[in-house]
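Enquirer: Keeping the supplied structure of chain X fixed, place chain B upon it in accordance with the hints.
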Amino acid sequence: GESVGLHLPTLSVQEGDNSIINCAYSNSASDYFIWYKQESGKGPQFIIDIRSNMDKRQGQRVTVLLNKTVKHLSLQIAATQPGDSAVYFCAERGGNEKLTFGTGTRLTIIP
Amino acid sequence: EAGVAQSPRYKIIEKRQSVAFWCNPISGHATLYWYQQILGQGPKLLIQFQNNGVVDDSQLPKDRFSAERLKGVDSTLKIQPAKLEDSAVYLCASSFMLNKNIQYFGAGTRLSVL
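In order, the protein sequences belong to chains X and B.
For the first sequence, position 88 (counting from the first letter as 1) is numbered 88 according to our numbering, and the numbering increases by one without interruption.
For the second sequence, position 17 (counting from the first letter as 1) is numbered 17 according to our numbering, and the numbering increases by one without interruption.
Here chain X stands alone, though its shape is the one from the complex (with noise of 0.2 Å):
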């Protein structure tokens, strides 16, 4: 993905309701993919990974869902709490085997 310096996409959501974060990536030729969450001062933090011969993987409150057609990446967070307040990024391993991190988004949970 681009970087946008310092201004990184933002998501405010109410606290209880669901939140989508989206990402573009740009290597068609890339097989898996990585969503972090990353909290203020601290490194990213592993959420759920996808394999390209997938289109949707779930975990605890957590849903990936990857169209390949559009290369488009989305995180769906179920009942979000204040605790998933963070930027979070979507990674993808490409043909040369290396992570690429995309422009982060950050999520804001409203009270």
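Derived from the structure by calculation, the hints contain no laboratory data.
Just to be clear, a hint being listed does not mean it is correct.
Claimed, not checked - Below are the DSS-like pairs computed for lysine-lysine, each with C-alpha atoms no more than 27 Å apart in a straight line:
#1 B:Lys71 with X:Lys98
#2 B:Lys15 with X:Lys42
#3 B:Lys11 with B:Lys44
#4 B:Lys78 with X:Lys98
#5 B:Lys44 with X:Lys71
#6 X:Lys98 with B:Lys62
#7 X:Lys68 with B:Lys44
#8 B:Lys15 with B:Lys62
#9 B:Lys44 with X:Lys98
#10 X:Lys71 with B:Lys62
#11 B:Lys62 with X:Lys68
#12 X:Lys98 with B:Lys15
#13 B:Lys44 with B:Lys71
#14 B:Lys11 with X:Lys42
Expert: Relative to the frame of chain X, chain B by itself:
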């Protein structure tokens, strides 16, 4: 299980000075990565080790950056001399196997170059 340890947490230096960062990966993890994260951006891979060998350092500015993992466990990343644009968070990550497992990140070292 202990996570990835990094030190120091913060470092402030003047341009043209040198600095070193240290990383201790999760026990048993053969693969170690160094990333640079500039404010407001996603992490960018600098170098990747498998045990004590370099797998990929194509994005490492080799005129000023160096990294080593001599015994296949701990690693150090050095910048000499530092430039203003090196101000960033330097993240270390490790995974059990090369590119086949989830990468686990440390808290990072925040570097400010004045």
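Enquirer: Need the list of violated hint numbers for this structure, in ascending order.
Expert: 10, 11, 12
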